[in-house]
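Fit chain B to the given chain A structure using the hints.
Chain by chain, the residues:
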Amino acid sequence: MRKEETVKLISAEGFEFVIDKKAAMVSQTIRNMLTSPGSFAETQHGEVTFPEISTVILEKICQYFYWSLQYASGKETEQQILLSIGSLTMILLPNAQRCEDCCINICDCSARLLVQCHSM
Amino acid sequence: MKRLIEEAIVHDGNSNSECGRSGEILRDKKARVLDSNCQEFICLQKEVAVGIQGTRVLNPIEVEESDTEQLTSGEIQWVENQTVIEEDKGLRRSEGCGIGNGLGNEIVQGDNDRDLGNERSASGNLTQSELITAFDHEKGKVILDFDLNVERMDFDLNFPAVEETKEGGFEGGFQEYTPVGPVVAERQDIIHISSDESEEDTGEQRCGSVNGGRRYTREEKGKAKLVDSHSWLSLATNSMQLDSIPERQDLIRPADSCGILQHIDIQQEDPPQLLETAILQIGSESETRAIEESRPRTRANRYRDVARDNALRFARFNSQQNNYLDPFSQERQVQTVQEADKNLENFVGPFSTAMRLVKERNLKHSAEQLINWKPLDGFDRSVVMPHVPSLLELSMKVLAKNAEAIVSLECVPDALRHRLADILCDSRKMNVHALDLLVQGSPTEIRIKDCSWLTEEHFTKIFGSSDSKNLKVLQLDLCGQCVYGDSLFKTIAQSPNSLPDLAIISLKGACRLTDVALKELVASTPALRSINLGECSLLTDSSIFHLAACLGPTLRELYIDNCHRIDARIIAPAIFEFKHLEVLSVAGIQTVCDEFVVEIIDKCGRNIKDLDLADCVKLTNTSIEVIGNTCSGLRSLNISNLHNLTDLAVQYLANGCLSIQTLKLRQTSFSDEAVAAFLETSGKSLKELSLNNVRKVGPNTALSLAKSSKELLSLDLSWCRKITNEALGLIVDSCLSLKLVKLFGCTQISDKFLNGHSNSQVRIIGLNLTPVLEHLNMLQTEVGYLCYSPMRFSCEL
Chain A
130 MRKEETVKLI
140 SAEGFEFVID
150 KKAAMVSQTI
160 RNMLTSPGSF
170 AETQHGEVTF
180 PEISTVILEK
190 ICQYFYWSLQ
200 YASGKETEQQ
210 ILLSIGSLTM
220 ILLPNAQRCE
230 DCCINICDCS
240 ARLLVQCHSM
Chain B
613 MKRLIEEAIV
623 HDGNSNSECG
633 RSGEILRDKK
643 ARVLDSNCQE
653 FICLQKEVAV
663 GIQGTRVLNP
673 IEVEESDTEQ
683 LTSGEIQWVE
693 NQTVIEEDKG
703 LRRSEGCGIG
713 NGLGNEIVQG
723 DNDRDLGNER
733 SASGNLTQSE
743 LITAFDHEKG
753 KVILDFDLNV
763 ERMDFDLNFP
773 AVEETKEGGF
783 EGGFQEYTPV
793 GPVVAERQDI
803 IHISSDESEE
813 DTGEQRCGSV
823 NGGRRYTREE
833 KGKAKLVDSH
843 SWLSLATNSM
853 QLDSIPERQD
863 LIRPADSCGI
873 LQHIDIQQED
883 PPQLLETAIL
893 QIGSESETRA
903 IEESRPRTRA
913 NRYRDVARDN
923 ALRFARFNSQ
933 QNNYLDPFSQ
943 ERQVQTVQEA
953 DKNLENFVGP
963 FSTAMRLVKE
973 RNLKHSAEQL
983 INWKPLDGFD
993 RSVVMPHVPS
1003 LLELSMKVLA
1013 KNAEAIVSLE
1023 CVPDALRHRL
1033 ADILCDSRKM
1043 NVHALDLLVQ
1053 GSPTEIRIKD
1063 CSWLTEEHFT
1073 KIFGSSDSKN
1083 LKVLQLDLCG
1093 QCVYGDSLFK
1103 TIAQSPNSLP
1113 DLAIISLKGA
1123 CRLTDVALKE
1133 LVASTPALRS
1143 INLGECSLLT
1153 DSSIFHLAAC
1163 LGPTLRELYI
1173 DNCHRIDARI
1183 IAPAIFEFKH
1193 LEVLSVAGIQ
1203 TVCDEFVVEI
1213 IDKCGRNIKD
1223 LDLADCVKLT
1233 NTSIEVIGNT
1243 CSGLRSLNIS
1253 NLHNLTDLAV
1263 QYLANGCLSI
1273 QTLKLRQTSF
1283 SDEAVAAFLE
1293 TSGKSLKELS
1303 LNNVRKVGPN
1313 TALSLAKSSK
1323 ELLSLDLSWC
1333 RKITNEALGL
1343 IVDSCLSLKL
1353 VKLFGCTQIS
1363 DKFLNGHSNS
1373 QVRIIGLNLT
1383 PVLEHLNMLQ
1393 TEVGYLCYSP
1403 MRFSCEL
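Chains as they are written, first to last, in our numbering: chain A, 130 to 249; chain B, 613 to 1409.
Check the hints yourself; a few may be wrong.
[To be verified] Think about it this way: if two alpha-carbon atoms lie no more than 27 Å apart in a straight line, the pair counts; the simulated BS3-like pairs of lysine-lysine are: (1) B:LYS1230 with B:LYS1308; (2) A:LYS151 with B:LYS1009; (3) A:LYS204 with B:LYS1013; (4) A:LYS151 with B:LYS1351.
Rather than coming from a laboratory, the hints here were simulated on the basis of the structure.
Chain A on its own, in the form it takes in the complex (with noise of 0.2 Å):
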């Protein structure tokens, strides 16, 4: 992939996640921070940092944006993703994170939220 057409998007932890733009834009806030006309410094470099999510979630969160593109061209089903985010939410625990725009929106402590996705 070029350059242009990659975003980089950084964990908490600092992990970064290189991925395609089309991707990154199904996230309005990714979207907004990346065309307002202002200039932010992730216009310029092509890097979002979240140092509230943890990196078990933006790799989730990543994944869904994929999903999403393949989903709306009607090449995947729903399927897919809900077993990938049963697993993410098995590792949730006790640092959920809060994320703002379309990810996944959960709670900021050390809950005990456990679900055990045996069944899927």
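Then chain B, alone, in the frame of chain A:
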């Protein structure tokens, strides 16, 4: 008995087989009812079954067919009640149906026809009963329209032996048939079932017996006393009451043979009620009186008198009857009001200006010509991006699916908990475990929109041990099963002030909640701002007065829809006490009248933002006038089903309520031009509009919608048959924020519109078998606290 059978067979040309069967049945005291239609009898109470059987077995199938023609639609579940209906038909017929002047004669005429021994055809009966119907409707009486297939009654069911049938005596009554054999042959019509006199008077009325007219004395027939029998025979006498016009409200007295009633599931108005009451009333008192008093007169007069005397017992007040107008007279009324409207529309005001514009526009070109919309060609809808579910929605789905495995929801924000609870309730997965999760800890909000699954025991257990000191919102809708005085005392309303922060409570559907319980509840919740007591049918006026006394200055929202024990006229002074009332819902309370609305709005209507007056059918334009004049801040109004409103009401609304956002005009009778003019005047801020069944809506409205309702989110045009494809296309393509359009019953809309419009966001519901439940939560915004004003909590003050 044998003779009975013989004669029955002889007389009955049509139903030989059934006769044979009936013969068998009659012989068999256990009354094995053979065909499926008669199955029902077995479950009926004994006395009744006797009589029914007698009539029924003869022509079960034939009757069915003609019944379909005859019975007025849907008034009686005739499928199940064939038997009863038929019997009553016969009986009624036999009574001469003292309906009115000439009808008795007609019946007599009918009898005379039969005297000639003609087997009346079904069509013959048809005319008879049609006559009956027509006659009745003219007079505005609603009378059962039965096909009296009397000729099928081949034997005289006026079994004298029934005198010995006492309250419980099915077998006894049955046995009595035996001696009556000969009598059976004599009568061919049921008219004579009625009472003793009928047999005496028979002179001109009795039809010749098939045997050649040997008349049996009463003693022979054994018809000594009918007086205190509780048999179906009594039904006959009582069926006279069928024809009485309900004169006043009365309760239906449960009678001995309630069996029939069980099978009658009558949902409509007068005719079924009359039937119900008549059948129920198998009491003997009326019988006696009727029989004794009416001897000397002609039959028709007699019946009429008896009917009149007994009408009060059987009449049941139909609240709708007062408003019942024939279509004709209603039309006339509407016309006169319209004339008055024309005069009043000359008032100067934005509405009348708009109205004039609309009319002028129509003069130049017809509105349809003005609609200039072409469907897009070659527009492939499948290419349009489907709605991608957000990650939040997906996560919610996962959580809902695996609700059993969730251990705790303590740190999940309230909005998400609410959403999760909603999803669980919708998919019927809500259970004790999930409820426990929601109640754990010290929650600030508990919102469960469907508690119908919750039992008292679980409710007491869960809420008894819950910590409610932080609770601000409690929503336990449909909690009829579990919420009542005791359970509340044990749980939520344990002590005064046990819910110090509770501001919003919704106990919709708490049908066991009494006034006393409510008082206790209110004592525990001093900070209450919004209370929803919809469908709490046990509440009376005293609750409202109590609420007014305790919460007068603070209550902002009051929902008492469908609390039928509350009399609007009495609680008006209580409502005055709510000085800051913003939301008031009195939908469905029939005692709401113009005076009530006028008083309320005058005193405390300035702040009202949401008014729900649906189904308060007594309201007229006067109420709307006051609303328009006073409630300038009105945001939401529901005037569904108010038939007495005319275009004048629209004028008042248009001139007065300029910032209205939600308007429900379901089933009103406003005209196309009026709605169009309203939209042009005050439709700017409309977000949700329901024109469901506003039949006159058409191209003018479409033009106005397209022009002025730019913020519209949801539009309901179900059953508006005058909206064409082009009109709808214009609306959908111009109102770009439109998300939901409901088009139930609009079969005139075709693919031309469905594939031709270019609005990619809008969801069309109601055509072509589109799935219909997905849209229910579509427009739900996040529910905050109060609808129209910010809430301040005690901790913040």
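For this structure, which hints from the list above don't hold up?
-> Hint check: nothing fails, all pass.
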